[in-house]
Structure formats: structure tokens, C-alpha cells
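Enquirer: For reference, the chains in residue letters:
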Amino acid sequence: MANLLFYLMGLGAVIGSLLVVTSKNPITSVLSLLGTFFCLATIYLLAGFQFLAAAQILVYGGAIMVLFLFVVMLLNLGHPEEGSGLEFMNKRRMPFAFAASAMLIVLTFAGVLGQGSAPGAVELAHMATIGDLAGLMFGSFLLPFEAASILLMGAAVAVIVLAKRERTQAVER
Amino acid sequence: MNPYIEGMQALAPELVLTALALIVLVADLLTKGKDSRRMGYLTLAGLAVVGGMLALRLGEPSQTYFGMVIVDSFGTFFKLFTVAAVAVVCVFILSDKNERKNGIGEYYFLLLGASVGIFFMVSTNHLLLLVLGLELLSLASYALAGFHKGQRKSAEAAMKYVVFGGLSAGIMVYGISLLYGMTGTLDLAEMATLAGDSIPTGLVPQLYLSAMPVGVAMVMILAGFAYKMSVVPFHFWTPDVYEGSPTPVTTFLAVASKAAGVAALLRFVGALFPVDGVDEIIMWYGDRFGMLIAVLAAVTMTLGNLSALRQQSLKRMLAYSSIAHAGYILIGVATRTSEGFDAAMYYMTAYYFMNLGAFGVLLYFESALGSDRIEDMRGFGWKSPLISIAMVAFLVSLTGLPPTIGFYGKYLLFKVGVAEGLGWLVIVAALNSVVSLFYYFSVAKSLFLKESNDERPALSQPLFAGLLTAIGVLTIFFGLFPDSIQELVEMCSLLGS
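Going line by line, the protein sequences match chains A and B. Under the working numbering, the residue at position 71 of the first sequence is numbered 71, and the numbers go up by one with no gaps. Under the working numbering, the residue at position 201 of the second sequence is numbered 201, and the numbers go up by one with no gaps.
Simulated from the structure, these hints should not be mistaken for lab results. Quick reminder that beta carbons are idealized off the backbone N, C-alpha and C, glycines included. Each hint should be verified, as a subset may be incorrect.
Result set (DSS-like, lysine-lysine): computed pairs, CA atoms no more than 25 Å apart in a straight line [claimed, not checked]: (1) B:K160 - B:K32; (2) B:K383 - B:K415; (3) B:K160 - B:K149; (4) B:K383 - B:K445; (5) B:K383 - B:K97; (6) A:K91 - B:K160; (7) B:K97 - B:K153; (8) B:K383 - A:K24; (9) A:K24 - B:K160; (10) B:K32 - A:K164; (11) A:K24 - A:K91; (12) B:K32 - B:K97; (13) A:K164 - B:K160; (14) A:K164 - B:K445; (15) B:K383 - A:K164.
Computed from the model, here is a short list of chain B residues facing chain A with C-beta under 10 Å [as the list claims (entries may be wrong)]: (16) L132; (17) V216; (18) A444.
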């Protein structure tokens, strides 16, 4: 039962992420992303990470998705103009992109299937609780946790620098 | 003592640097950007403090804090390197005529934030912290590349950098996750041991089971390092990003950011695949890994040099030249010996002097001429002789000719390469140096051997000219007397002697 659910959710996640990158309509992309997040959350739950699953739904599925939807609708990105210079799906370059992706997939399969044992995949003795998570986060992983906070602050400043409107300088072309 | 307080003391330089970044950010808001130069002086003063703290630590025995940060001389060497490079970049910003005056606080904040990322990158054996440091460096660099956002080229540079950086980081993290799945740890030191209490962890049992998945993971992780060092085939972003970014930012990317990649790669290879490995299979596998790096080195230096030949713009030429130099440095990495690593560190020091100098001269020409085309610089050597003579010293050093620091650096790399059986690679590198002679000297020829038809007088920037001359003098001085840097490098050696 659990195995079946895992494969179903895995399939759902793959289809969802394919839809995100291939669909023309941004709203479809955003909603497919939501589906992908839901499938991932279920996989986390199957692996025994309650808190991670809940956080995935609340933070990604809830807050961030709503933000994305608002941005897409406010900016009215519904109909991309032709010849806007932002055509990443260029027909001529598609074979190269396809070849690169195919190579990555082959490598991945070679990597995963050729693997004898996976000590990293530890069987959990019980469902991981918030307490376990906090113990790790403020114990052995305290430093990466703090480093991540510096990273987020740097990212926030970087985004504001790029997004802020210039008041004094005219935009030159 | 409380281990956390002890750890905080060990991480004091990182903490001071982070605090400095925040102080600059807030101070700029409080003074409302009235005098943008003041922020530059504040940053320089703070960097001097951090540099002093680091210099006092040189030679101390290595210790690990929080189970993942290693405070050792190797890390301190690269941290000092970063601080010194960022300090010079700050002077560049102060003397850059095109630098915008508002938002200068964010400029310094992002530079310092990127340095904090480098600090974490160079002082950890833990892959999680490595990725966090790398991301901090990358995110700050993206914004810095696009700092002149009114200009199309700068915006393009930022966009390309984000796409390439995101892709490479993604590949690297994926490789790390594979490696974690196989070995059950993110700590390189733990991965390399033969240990394995009940369940077999570590690289050795995995290699005995099947070498293929480990190879896939290793190649993917190598992609992340290659991107930071701009090694072929992850170099495509380099020319466009270097060209589009503001020149002080280009200098930062070419010197500090590349050094961070080199240091992290040295730690990675040194921890997993040293030439005298713990086990037969590790040594067998390490040979293959070293050969892969050697092939990458050969391709990188050849492609970088051949592309540099065609460049009209000095900035683009220096970008391709920095790709070629990444190839030379990889010779030292490919040997996987203590001597090879030392030679790579020595070459980084040489790279520091000659590239800071060359980019500084480029900045000067951009201010004086409003152009970075080599053709536009003709006859300029007679107008501002001091800077132009310094430029010739940098070019000689970049080519690797005596009596400069670049010559001695290349000599060390070639010597260790031949000693470790990479003779073919050394021959490729020597041929490449001959090729590089052509394009480096086209600049010198343009400066001194051609008539100028430009009536504009030279810029008078005594402080900036003094700095460049000093770097030029040091480039030659350390070429004649290489011992002091050699001693420093040996003291900071990663694998120990």
C-alpha cells in the first residue's frame, strides 16, 4: 500500500514538474507546481517526516503559491508576446537541450540503479517529531542554520538592489 | 569552556565580517548616502581589522568546531587572500569614475556578504556548509554583476550568471545528494575513513560495491567547482559576465571568487583522493579522478588561450585569460600531492598580484578613454608611463616570463607536474604560454609602439596610480625573491609535509 502510494506520488511529481516547464499559460504552470509540492509532501510523510510534510504544504503550497499566483495575475503574464526576446523554447536549440537532459537522466539512472547499498537511507525508528528536528537544527547543525540566515539576508538585499527603481539616474539604453 | 563560546571565538573573523557588512548597510541608510566615499573607508578599516585577526592566526594547529568548521592555516591563507582582494576592490570602487553614488552601501554589503560566503567555503569539510557558502557567494555575485542595472550589458550579465549559476549549483547539489545516499555522511573526512561500525559507510565500501555511481556523483560535484573556477565546459558565462559587470565586480569575480573555488576543490580532492590514499581502491580511483582533472586542465587552458587571441576588448581578453589560468592551476590539483597543492596556492598568490594589477589598469583606461578596446589604447604608454610600465609588468607575469612572480608560479607548477608524471600536460601548458605571449603583448605593443591620435590627456589619480605601481613593483619583487611567499604557502599547506 505504502509502496503503491509512493510510486503514484512520484509519478504525480514528475508529471507536475513537466507541466510546469512545458505549459504556455503561467497559471497552469503555477497550479502544476502546487500539485508537485503536494506529491512531494506526501512522499515526505511516507518517509516519516511529519513536520516537513506539514511545512511543505503550509509554506510552499500555501504562502508561496498564493504569492506566485498574485504576481502572475497582477503582472498579467497570461499571454506572452511573440518576439519578446524571451523565447527560451527556441526550436533550433531544442535538440541540444534535449540531448543534455537525456544525458543527465541516463547518468542519474546509472547512478541510482548501479548503487549497491544506501547507508544514507536510514530507516526511521519512529515518526520524526518537531523535537527531533529542533534537536538537530540547534545542535549539530546550528552553524549551517545560522549560515542559512546570513544567506537569506544577503539574498534579500540582492533582490532589493536589483528590483529597486532608480530615482536619480535615467535609464540608458 | 562552553563549546559554543569556544566556537564563536574561533569564528571571530567571520562574525566581525558579518557585523561589518551590517554596519555598512545601516550606516549608509543613516547618512542618506551623502558621502559615498565614507562607506568605502569604513569598509577598508573593517577589512584591516579582519585581516589583522587572521594574520595572528597563521601557523596555529588545525581544529574543528561545531563538527564542521575547520580553523587551520590553509583556510586562513585563503581568508587573508579574500580580505586582501576585497580591500583592493574597494579602492577600485573608490577610484571608479563611473560608479553610481546611490546604493553604495548595498554595494559594499554585497561584497562583504560574498566574502563571508567564501570564508565558509574555504574552511569546511562538510558539504552542507560548503553549499551554503557557495550559494551565499553566488547570490551576492549575481546582484553585483547586475549592479549597473540601467545598462543593458550589466543586466544581461546578471541574467546569464543567474541561469548558469543556478544550473551548476543544481547539478552539484544533486551529485552531493547521491554521494550522501551512498555514504551516509556529508563530512568529507568521515567519508574518507575506512570506518564502518555495523553498516558500511564511507566511500571505500561503496567503491568496492560499484564504482559507477560514485563516478556519476563525483563528476556532478566537480561541475560546481568548475563553474566557480570557470573551467571548461562550465566557462560559458565567464566572458559575458566579466564584460558586463562593473569592472571592480569583475575583479572580485576573477580573483576572490575563483580563489574560493580553487580552495574548496583542493579541500575536496585532498580529503577524498590524496595520492597516498587509505585504501587501494581509493588510490586506483583517485588516479582516474586526477586524470579527469588533468584533461579538463588541458582543454581549459587551450580553449581559454585560443579564444583570447581574437579579442578586441581588453576586458574580454582578460576574461579568457582568467579561464586559461584556471587551467594552469588545475595542474597542481591534478597531481593530488602536497607539493602540487602548494604550487597551486603559490600560483593563486601570483594570480592575485597580476590580475588585480591588470584589472586595475583596465579600470584606469576605462575612466580615461571611456573604452576598453585595445586599439583605443595605442600610444597611451607615453601619456601615463607609470601605469603603463606597471601594466607591462603584469602582462609579462601573466605570460609567465622572468623576472616576475608569474614565472616562478608556473615554474613550480611545471616542476611538480613533471615529477608526478603529468609531462604531457606540462608540454600543453608550455605551448599555451607561447600562444598567450601573442595576445598579452599586443596590449604592450599598442601601449608603447603605436602612435596615438587621441588628444585627451591622461587622468591624474595619484592614489590609484600609486597602488597600481606598488602592485607592479611587488609582482617583480616576489619574482626575484620568491622565498617569503614560498614559506607562507608551506606553512599553510593543506596536506602537511
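Enquirer: Does each hint fit the structure? Answer for all of them.
Expert: Evaluated hints:
Taking the CA atoms of K160 (chain B) and K32 (chain B), the gap is near 32 Å; set against the 25 Å cutoff, the hint is violated. Restraint check: the Cα-Cα separation between K383 (chain B) and K415 (chain B) comes to about 40 Å, which exceeds 25 Å; the hinted pair is violated. Our distance criterion of 25 Å between C-alpha atoms is met by K160 (chain B) and K149 (chain B), whose separation comes to about 14 Å. Restraint check: the Cα-Cα separation between K383 (chain B) and K445 (chain B) comes to about 15 Å, which is no more than 25 Å; the hinted pair holds.
Restraint check for K383 (chain B) and K97 (chain B): the C-alpha separation of about 19 Å stays at or below 25 Å, so the hint holds. Distance hint between K91 (chain A) and K160 (chain B) is fulfilled; the C-alpha atoms sit about 20 Å from each other, no more than 25 Å. Distance hint between K97 (chain B) and K153 (chain B) is fulfilled; the C-alpha atoms sit about 18 Å from each other, no more than 25 Å. The suggested pairing of K383 (chain B) with K24 (chain A) is violated, with an alpha-carbon distance near 58 Å, which exceeds 25 Å.
Under the criterion of a C-alpha separation no larger than 25 Å, the hint pairing K24 (chain A) with K160 (chain B) is consistent with the structure, at around 23 Å. For the proposed pair K32 (chain B) and K164 (chain A), the alpha carbon gap of about 16 Å is at most 25 Å, so the pair holds. Distance restraint check for K24 (chain A) and K91 (chain A): the Cα-Cα separation of roughly 15 Å lies within the 25 Å cut-off, and the hinted pair is therefore satisfied. Restraint check: the Cα-Cα separation between K32 (chain B) and K97 (chain B) comes to about 20 Å, which is no more than 25 Å; the hinted pair holds.
Between K164 (chain A) and K160 (chain B), the direct Cα distance comes to roughly 20 Å. Compliance with the 25 Å bound is thereby established for this hinted pair. The suggested pairing of K164 (chain A) with K445 (chain B) is violated, with an alpha-carbon distance near 44 Å, which exceeds 25 Å. Taking the CA atoms of K383 (chain B) and K164 (chain A), the gap is about 41 Å. The hint is violated against a cut of 25 Å. Taking 10 Å as the C-beta contact cut-off toward chain A, the hint placing L132 (chain B) at the interface holds, the least distance being around 5 Å.
For the restraint placing V216 (chain B) at the interface with chain A, the shortest Cβ-Cβ distance is roughly 4 Å, inside the 10 Å limit, so the hint holds. A distance limit of 10 Å between C-beta atoms decides the matter here; for A444 (chain B) the minimum to chain A is near 33 Å, and the interface restraint is violated.
Checked against the numbered hints listed earlier, the structure breaks hints 1, 2, 8, 14, 15 and 18; every other hint is satisfied.
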